[in-house]
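As a plain string of letters, each chain reads:
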Amino acid sequence: MMFPFAAIVGQELMKKALILNVIDPGIGGVLIKGEKGTAKSTTIRSLEQILPNKGVVKGCPFHCDPRRPESFCPYCAERVAKGEVLETETVPTDVVELPLSATEDRVAGTLDLEAVLQTGKKRFEPGILAQANGNLLYVDEINLLEDYIVDMLLDSAAMGVNYVEREGVSFTHPARFVLVGSMNPEEGDLRPQLLDRFGMSVEVKGEKNLAQRSEVVSRRLMFDLDPKAFTASYGKETEEMGDRIRRARAALGGVKTDRKIIDAAAYLSVYFGMEGHRADITMIRSARANAAYEGREQVSKEDLEAVAPLVLAHRLKKKPFEKTSDYDLDDVHKCLEDF
Amino acid sequence: MSRGLLTYPFSAVMGETTAKRALMCLLADDDLNGVLIKGPSGTAKSVLVRSMASLTDRKIVDLPAGTGDEDIFGGIDFERAVRDGSSVMKGGILYRANGNVLCIDNINVMDPRTLNSVLESLSSGTVRIEREGVSSEYPCSASVVATMDPLERDLPESVADRFDICVSMTVETDASKRGDVVERVLEFDRDPRSFAKKFVGDDLEARRKIESARSLIPNIRITRRDIQDIVTICTKMNAVGHRGDIACARTARALCALDGRDRISAEDIRDASVMCLLHRRRPKLKAKTAGDASVESDDVPDAEISDDFEDISNSEIAKLTKMSENKDLDVQKEIERVEGLEKSESSENGTADQGDTGGEEPEEGAAIPDVDVLTMVLYEVQNGLAEIDRIESIRLNSVVGHIPRGIDGSKRGGRTSGFRIPEGRTSDPALGATIRAAAPYQRSRQPNGLSIAIVPGDIRENVRTRQNSCSFLFAVDVSGSLVNTGALDEAIKGVRAMLEDGYVRRDRVALLTFGQNVINLAVPFTRNVESVFESLRRTVTGGSTPLGEALLTINKYMTNYVRKNPEERCFIILMTDAEADRPVVEGYEPWAELRRIAATIRIPNTEWIMIDNGKRYRRINYAKKLADILDARYLVLDDLTGRFEGKED
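As they're listed, the protein sequences go chains A and B.
Quick note: the first sequence uses the working numbering, first residue 1188, plus one each step.
Quick note: the second sequence uses the working numbering, first residue 33, plus one each step.
Extracted from the complex, chain B is given alone in its bound form:
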């Protein structure tokens, strides 16, 4: 928030102690490479980040969402090229961010490719660009602060892991405190200048703390016990990879320094753990809030996790050792020792309590872990994180798995994400890129009265990307079997579950019901999702299951639809127990006929998903067999709707 050049002062933000401390740590220790701030809309994330300006001389450099690569990394300085023919590179936003603080708002909405490149450059400390045959590089060492609303879209774990610290903004439920916030904001509105003056003192105090922390940090020793404790906590919290341990150690040290002390305390470790592990816990732990159904399936593939272990373990462990300045301390051994402890305990009595060392002899010179303090710290850390989880949201587990969105390289529309050399003529020229391509050659060209002469070979065209939109056709069996088991509600729940996992705003849905001897295209493709639910609720159930005919109808409808919407990804969600009892052609055996029909169905760009709503234990599982023939993903309705257990509808 700002009125003209005046930003809202850091100390004027009420509450949010954890977030504020995290930002102060970031400013105090250059080795801490980033803070990720999560929180719902309207909790002052961006305000807090911009307010850092009052704590440091470093500039707060914005990286707006949707910025093109040229502007982020840099490109040819065409003004110079035109002026004196030289091919010189000009750095982009990252160039300006060097030595400063880089701010990325709504990082979860950023193009993943670009985001990866940005984070790569930042972690390696150098930006390398190659344009039009010219290479260049420049240093980019910056502290990063990113904000996001976790309910909107989650950040991939591999990206989140690059941020040392992750904090969550609090949602204030006390009406009186909320009133205080409103009063302050109104005051700022009325007279930003005098408002800012009121907080100058506090801001200066914070600044002083940061500066003295900076000089204190190199002298703070991280003891063997500190490392033990940290590693224990991280292991117990199932932190993936070793970045967490190191981030924890650095943060604890920074917190200690900010407080003006030179010995790390248990509280420092506790607070650091909460800050550094929020985003690093392995999925199994988080899944405890919702159904445990197949969490392993589509979450972080194992390959990714083990890569982390390999890449980081040696060099980063070396860093941990260095930080402790105790050459005798072999951190690798410590980690293994602690992990070994855990294994022996859990095999003994299932509860992992740090106190029981299982009869192992303490190593020579090893500090005996302080049972009480560490247990208490661990308990507090677990509570702290659980609290944040609870507040963050009850994120329904993806039983189906995230439907991956492709990047549609369509020529139709969407935001520009780069440029390329066109084949033949183009209708969508990239102006800046074209000029940059032409710039270095000006010396040798006829000006024609212009400063820049462009020849056909210079022309570049835009690469536009927009997220693929998806279309979901729900084909729901509303025949007699449904009425008997009262499962229409279940069907509705199943539809809802599918949509919650995969639906994104622009997607389309359609509803086809079959039963009662009738195939009914109840809702043709529409963006109005409500209509599907309304229609289902009004559906009359009963009668036989004309499944074969339904498949034929679906085939016809979808083939047509796909032809009209060639770039759409389509999903057909077939909800049935596949107990076909009505053949298309009189006299045929329904199942045999069904198999033949299913085998002939081939709709392009379309994925089938079979949701089996039949009884669990049947002699022959027709639904599974049908799913195989259709090459469909097979799910059981109960798994989908299990998430609604215990919730009142």
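Only chain A is shown next, with the shape it has when bound in the complex:
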């Protein structure tokens, strides 16, 4: 049984980053940096409990989203072209984990060997990216993964599509997912170009507050003693969280963003030396998701202030081999005072 998400003590930033991404996968995923034992993996795996259900095309190996016919996989597209009406069903959203020693063919998919040997025809065997479509993909120790595989994951997450060109097989299928990576920064960082493609990042530290720390331990012990009862005691909270996320998703499209907020985000970007535009765009998307989560119809300065550190932290330029940047995220508040 999974430790209840609602029972995790503290780590508010990490939880918020994950929740915002669930509300709007367009934010671009979360990179969670932290020492061992800070509940990174627990939190991410437990997220499943509050993820909303989704509708998929029945029988589709890629769980195509019936609301997006323009992104259908070749099989669904063919059936539609033939005039078939596709049946749909509702399934839960999963947290798919990437195995540690994943190879590129396992990730992207490859030639279906069995089919080839039996029928002499080329068939595509779906990989993990196919499984991840419509779900959350969790990659532990992402900084130890080969660069080109991380590239592959980030490409697909950004474009929402997986292009496969391997072993003579050419295949394209939808791959819209929230990418969550976790890593221990002591073991080396990701390339800046890869970092820039993560929507948000959070640094997770162990609880220093004694009271909180004790609470962490006591809750864990209670859970171990009787997982069922403990989980049941958090049932209501879990349900409420799930509902809140569902409502936020529905409301997201209607959230209004004033041009002043956009200017504020742009100002922050320039102040913190952002070169590309991803930071600006992500800050606005995140602020909107935050507003939706808080039940508001208009993005406010507070939304922006809440999400800016998450979006900017991993994009700050550092001198080579410096641990910290010259920029200070506490300046965010100062910058926004004028708006």
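Since the hints were made in silico from the structure, they are not lab data.
Any given hint might turn out to be false.
Not the full set, but computed from the structure, chain B residues with beta-carbon under 10 Å of chain A [to be verified]:
id : residue
1  : D89
2  : G106
3  : D137
4  : A471
5  : E599
Note that the Cβ used here is the ideal one computed from N, Cα and C, for glycine as well.
Fit chain B to the known structure of chain A by using the hints.
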């Protein structure tokens, strides 16, 4: 960026006029063979390239990084082989790219061997494949667009030179303009269809311009003066080889045609020069931004440059002449005349100003160069390029030189880059290759209930490549001499300089300090580079220099390390003035003992680098002598740290 099948419209990309014009030139003139787009992450490089789809009927064909050779060039169509026993080749991505636009993202990360083959095929216009004893070829004529982030890794000059045009994406610093970009992207997100509709008109206009340019280009004459000007500019900008001149001429012509004119203007030449010379200037010019220390040393070896001159000069110059349609114009002579001018001027007064022809009689019929216009154009070109340089980055010059990475053909891991016939049994079979090997023989084999019967002789195994990782051991002398000259900071800077030049993410570093009569393995091998700096900052300096003992310790540690990591390339960076004053064994003369110890050190897979942090002028340079015995590269610390001059730390 795309939502389903809808790509972001070309005209919706804000700003980036140069990049957009470059792409339009590429679509207007098939003779232009490529555009290279440089820029930091998140500046819409890929978006712009994909958006070309709205300007042309030609397809935008992707060449993803990491694609295998089989899929790029092609191989045996095993489905057909199985079906009717025929050995027919099936083209790969390049086959689909024929007559279309080929897109290579992050070209600087691509395997260099593969990249070379791809560019070769494209420039020759044909792809030739040989597989399993069958040869085949197919035409491949495509326009290429490539993107890269120059800060990540530089593209070798020989590769960059194959692209006629190179542009740099701008970094927008105006907050209000940035806000506009965000608004647009959000709009596209909300409703891609209506968003696209808003730009249909502009896209159609651009398309029309391109199409009319295509018909205009054959009629545009490049005059003698145009060629003179172009050649002058290219020579002044120290462009290597003649490809630059020709690319400039073609681009100027395309720009002119896109504007609906039939006579090339000075502005066309200026804009074309900025587009075509960004990536072609000789290193000496670029080095002006950082220290001038030994730039000649490890940059493009001279042999490569002169090859370019020989190979290209005759045929390409003939092309230039042809383009001008003026048979009287001998381009070779023009180039020489201009180069001759420059030599005579610089010997006169050091400044090369086009106006002074040094008393040479203008040739009969030669246009007298228009002093004002050309000077102005040259000035603008220089400014334009300098601006781009400044924005691109202050790339620290490699004083040490790039540490060449080998391709490690290890069996351990890494991406597949091909296949081969295994010796004996293999644990890493290449499935596709095996099937393709078996396919042509199906007719004559027992099916055994399968469509494809595989025999042991068909089995192929994967060739995996991964970049060599390196390990750097810093052995730093922290003895008394350091304290006196306050050079611990210098040492730290030196370490940083070394790492900046050679360190790549997966590499490991270690720190050993000696001084204070103590040898201390302060930081054993780790990926955490920070710890080396932290440790150095905390180091207590002083005492004597037990250099001999340090060498013995290093020998032991590294021999052990190399044994445990046989495929790692190791570097020992010894930072000392080698003024040994403490022998290992009492009574021995330190330097003599040191020489004997050094002579016995032989660690496999390891290169030594000596960084001399002693005073510049000494009677005896022990550090250099030690370097010779160790067969080490010898550097002076001041050269390394010179790059930090003028920067506040």
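Would the hint on D89 (chain B) be counted as holding, given a Cβ-Cβ threshold of 10 Å to chain A? violated (21 Å)
Under 10 Å is the threshold here; is the Cβ of A471 (chain B) close enough to any Cβ of chain A for the hint to stand? holds (8 Å)
Holds or violated: the hint that G106 (chain B) contacts chain A, with Cβ atoms closer than 10 Å. Since chain A brings a Cβ to about 9 Å from G106 (chain B), closer than 10 Å, the hint holds.
Quick check on the hint: E599 (chain B) CB to chain A CB, less than 10 Å? violated (16 Å)
Taking 10 Å as the limit, does the beta-carbon of D137 (chain B) come near enough to a beta-carbon in chain A? holds (9 Å)
Of the numbered hints given earlier, the model fails hints 1, 5; all others are met.
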